[in-house]
Amino acid sequence: MSLLIDSVSKRFGDVQALDAISLQIEPGEVFGFLGANGAGKTTAMRIVLDILRPDSGTITWNGTLNTELPRETWGYLPEERGLYAKMTVLEQLVFFAKLHGVKPRAAERETREWLERFRIPEYADRRAEQLSKGNQQKIQFIAAILHDPLVLLMDEPFTGLDPVNAALLKEAFQEMKDRGKTLVFSTHQMETVEELCESIAILDRGRVVVGGSVRDVRRSTGRQMVRVAVQGDPEIAWLGTLDGVHVTRRGQDYVEAEVAPGHDPGSVLRAALSRGCEIRHFEMADPSLEQIFIERVGQIDMSERTLAPKAAHA
Amino acid sequence: MKGWRTLFPNAWYVAVREYRSRCRSRSFVIGTILLAAISFAATQIPVLIDISVSTSETRVAVVVQASDMPSDSLALFDATLNGQSTDPNAHKDFAISWLPGGDATAAQTDLERGKYDVLLIVDRDAASDLRFTLRTDSPRDGRPVQTITNALVSLEIEDRLSRSGTSTAALRAPFSLTVASVTGTSEQTNNLSSEISTGLLSTGLIVLIFMAIVTYGVWVAMSVAEEKGSRVMELMLNATTPLQMLTGKMLGNGGAGMTQYGLILVAVIVGLVAQGPIHKAVLGSDAGTQFGGLSPAVLAAFVVLFVLGFTLYSLLYAALGSLVSRQEDVQSATSPLMVLIMLGYFMSVFGLQAIDETWVKVASFVPFFSPYLMLARVSAGHVEPWEFGLAVLLLLAAIVVALFVAARIYSAGVLLYGQRVSLAQVLRAARVSR
Chain A
1 MSLLIDSVSK RFGDVQALDA ISLQIEPGEV FGFLGANGAG KTTAMRIVLD
51 ILRPDSGTIT WNGTLNTELP RETWGYLPEE RGLYAKMTVL EQLVFFAKLH
101 GVKPRAAERE TREWLERFRI PEYADRRAEQ LSKGNQQKIQ FIAAILHDPL
151 VLLMDEPFTG LDPVNAALLK EAFQEMKDRG KTLVFSTHQM ETVEELCESI
201 AILDRGRVVV GGSVRDVRRS TGRQMVRVAV QGDPEIAWLG TLDGVHVTRR
251 GQDYVEAEVA PGHDPGSVLR AALSRGCEIR HFEMADPSLE QIFIERVGQI
301 DMSERTLAPK AAHA
Chain B
315 MKGWRTLFPN AWYVAVREYR SRCRSRSFVI GTILLAAISF AATQIPVLID
365 ISVSTSETRV AVVVQASDMP SDSLALFDAT LNGQSTDPNA HKDFAISWLP
415 GGDATAAQTD LERGKYDVLL IVDRDAASDL RFTLRTDSPR DGRPVQTITN
465 ALVSLEIEDR LSRSGTSTAA LRAPFSLTVA SVTGTSEQTN NLSSEISTGL
515 LSTGLIVLIF MAIVTYGVWV AMSVAEEKGS RVMELMLNAT TPLQMLTGKM
565 LGNGGAGMTQ YGLILVAVIV GLVAQGPIHK AVLGSDAGTQ FGGLSPAVLA
615 AFVVLFVLGF TLYSLLYAAL GSLVSRQEDV QSATSPLMVL IMLGYFMSVF
665 GLQAIDETWV KVASFVPFFS PYLMLARVSA GHVEPWEFGL AVLLLLAAIV
715 VALFVAARIY SAGVLLYGQR VSLAQVLRAA RVSR
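Order-wise, the sequence lines are chains A and B. So in this note's numbering, the last one in the first sequence is 314, and the numbering has no gaps at all. So in this note's numbering, the last one in the second sequence is 748, and the numbering has no gaps at all.
These are calculated hints, taken from the structure and not from any lab test. Watch out, some of these pointers could steer you wrong.
Said to hold, decoys possible - Partial list, derived from the structure: chain A residues whose beta carbon lies under 7 Å from chain B:
{"hint": "1", "residue": "Leu49"}
{"hint": "2", "residue": "Ile51"}
{"hint": "3", "residue": "Tyr76"}
{"hint": "4", "residue": "Pro78"}
{"hint": "5", "residue": "Glu80"}
{"hint": "6", "residue": "Gly82"}
{"hint": "7", "residue": "Tyr84"}
{"hint": "8", "residue": "Lys98"}
{"hint": "9", "residue": "Tyr123"}
{"hint": "10", "residue": "Gln189"}
{"hint": "11", "residue": "Met190"}
{"hint": "12", "residue": "Cys277"}
Positions of the beta carbon are idealized from the N, C-alpha and C atoms, including for glycine.
Could you put together the complete structure from these sequences and hints?
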C-alpha cells in the first residue's frame, strides 16, 4: 500500500536525468521532493504520471503498475503553468474534469464549490487571460484536484504565490491530506517542507541523496546542534575547545555549535555548569533541512552552483 | 497502445473544445464572412458580364433617301444584325433608328452629339442601285462595322432581286444545313464544351481538396503549437493520451474547417440559385445555370477522398506542430509537408492533361497523391471500381500507420521545448515515449 518508485532511470541524450532512483511514499502522507534545478524532480514526476517512460525501473501504486492505472488516479499541477487563455474559468475546469471522467453536471457543481472555497466564485465566467498569476495558479490547483485523485503530484506549487495565497494553498493541502489523499510536491523552499512534509527525498543529479521521514533525515548525519547563551560571555570561547564540538555560528543572542556523531550534546551543558556559567539559553536540535541539503548536495560538487570567480582585469 | 480502448469520450471532448474555440475566434468569423462574400460575388460574375454586354449596344441611325425600298428591308436589316429571336425582351446588339425620308444633316448633328454610334445614309446611284454611306468612329474592321457591312450586302441583293421581279418570300424560304464530322457521322464524337466542363470540374474539385488540406491542416498544427506554447499541454498530457488529443484535434479543427467550407458552399449555392432572379431583375431575361458533369459517383468519390486525404495530412500536421513551441514557427516546421502537398497538386494538374499515362495511374494509388490523382481520374471517368477501392484501402492503411507515427512524434515532441528540435532528436525521444 504505497507509491513505489523502483530503481527508475532515465537518460536524455548525454544527461542522466534519473539514475536508478528508488523511493517509497506512504498513502496519506505529504512527501517533499527537494533538489536544485535540474536535479530530476520534474522528470521523476512525469515518469510517475506515465507522461514519460523510464529507460528502466517500475512505478507501482498499491501494487499496480502506473501504466495500468487509470489517469484519474493522479492529480497533476505542472511546474509550467498554463490555461486556455480564451476560455472561461468554468468552461475549462469543467473540460478538464470531464477528461478525467467526471460527469458534466457533477463537474460544474464541483468547480463552483471549489471556486467558492478559494473565495473566487466571481471568476467563474471570466476568461483565464483576465486573471492575475496568483489566481490562475489557484485555478490550476483546482484543475488538479477536481476529479478527486488519490495522489496529487505538484511541481513547485508555491513558486510565485504571495504569502496570503501560499497560506491558502497550505490550507488546501491540509484538507486534501485530511481526505486521505497522498500529496507529493517538489520545492526548494526548506521552510515549507519542514512545515508540511512528513517525508522527503533530496535529489541531486538524478540520484536520491537522502530520503525518509523528515525526522530521520535530520538525524541522518548523527550530528546534533546546540545553541547556548551564557550571561556575561557572548563569545563563549571555551565552547570550541570541547571534544567533538565545532562552533558553526555566533549569533547576537547565542552561539551555535555542532556536536559530532558519537558525542553527547549534554556534555556541553555539563561543561558550562562545571565552569560555573549562568546559562540563559540551552537548546538541542537536529540539523535543519537546509543545513543537510547544503551539506549533502554541496559535498558532491559545488562548482556549478556558485558563481564562477570574477575574471581578473589587468 | 492502450489508447485505442479509451479513445472516446475524451477525444470527443477535445474535439468539441477545439471546434468551439476555433469557431469563436475572430479570425474564423471574419474569414468565413469574407470568403462567403467573395464566393457569392464570384457566382454573380456571369450576370455582371451579361449586364456589361447588354449595355454595350451599337446605335444605328438609318436615313433612307432611296425610293422604292423593298417593304421588309427594316425587318431584314434587323434580323441580320440582331439575329432572329422571337423573344421581345432578348438583348439586341444593335438599336436601329429607321428614318425613311429623314434629314441627313440633322442625323449628322445627332451623330456628332453622340446620340448614335453609326449613321447610315441610303440612297440610289445613277444605275438605281442602292448606295450606302457609313459614318462612324468605331474601327473599320471591328465587329459592329463588319456585321453592318454584311447586312448591307443582304439589303443590296434583296433590292436588286426585287427590282428584277423575284419574289422576296421565296428568298426567305428555309434551306437545309448539316454540319458533320470528317468521317461523315452526323454527330461529332468529341463534345468540346463537355470536355472543357469536365476538365474545369476536376480542377475545381482538386483545388477544393488542396485548399482544405493547406488551410485547415495548418489549423491543426497551430492548435498543437498553441497548447504547447501556453503550456496547457502539461495539464492535457495528464488528462488525456496523445492518441485522444490527436484524434480530438483532427476532428475539432477538421469540423471547424468543414463548417467554414460548408458556409462558403452555401453562399455559392445561394449565389448560383440567385443568378436567375438577379439576372431577371436587372436585365429582364432569365439565364440558366449549368452544373455539367457533376455526377453522384464523382461527388461520392470526392467526399471519400476529401475526408481521407484531410485525415492523413492533418495527422502529419499535428505531429509537425508538436515540434515547435511558438505559433510563428509553425510555418517553417510544416514546410516539408507543404512540398509534399504541392507536389501532389501539381502532379494532378499535369495529370489531367495526360489522364491515361502510366505515371498518373501509378501515382493515383500512392496515398499522399491519391486524393488528387484518383479524383482526377474518377471525374474523367477513366477508372475501374476496383482501382478506386484499392486507392481507398491504401489510403486507409497509410492513415493507420500515420496515426501511430504521429502519436509517437507528438508525445515526444510536446515535451521538447527549445528553438529548434531536430528530427533525430524527436525520433530518439519517440522510441522511448509511451
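Going down the list of hints, with the structure as the test:
no.	hint	verdict
1	Leu49	holds (5 Å)
2	Ile51	holds (5 Å)
3	Tyr76	holds (4 Å)
4	Pro78	holds (4 Å)
5	Glu80	holds (4 Å)
6	Gly82	holds (3 Å)
7	Tyr84	holds (6 Å)
8	Lys98	holds (5 Å)
9	Tyr123	violated (17 Å)
10	Gln189	violated (21 Å)
11	Met190	violated (26 Å)
12	Cys277	violated (58 Å)
Going through the hint list in order, the structure does not satisfy hints 9, 10, 11 and 12.
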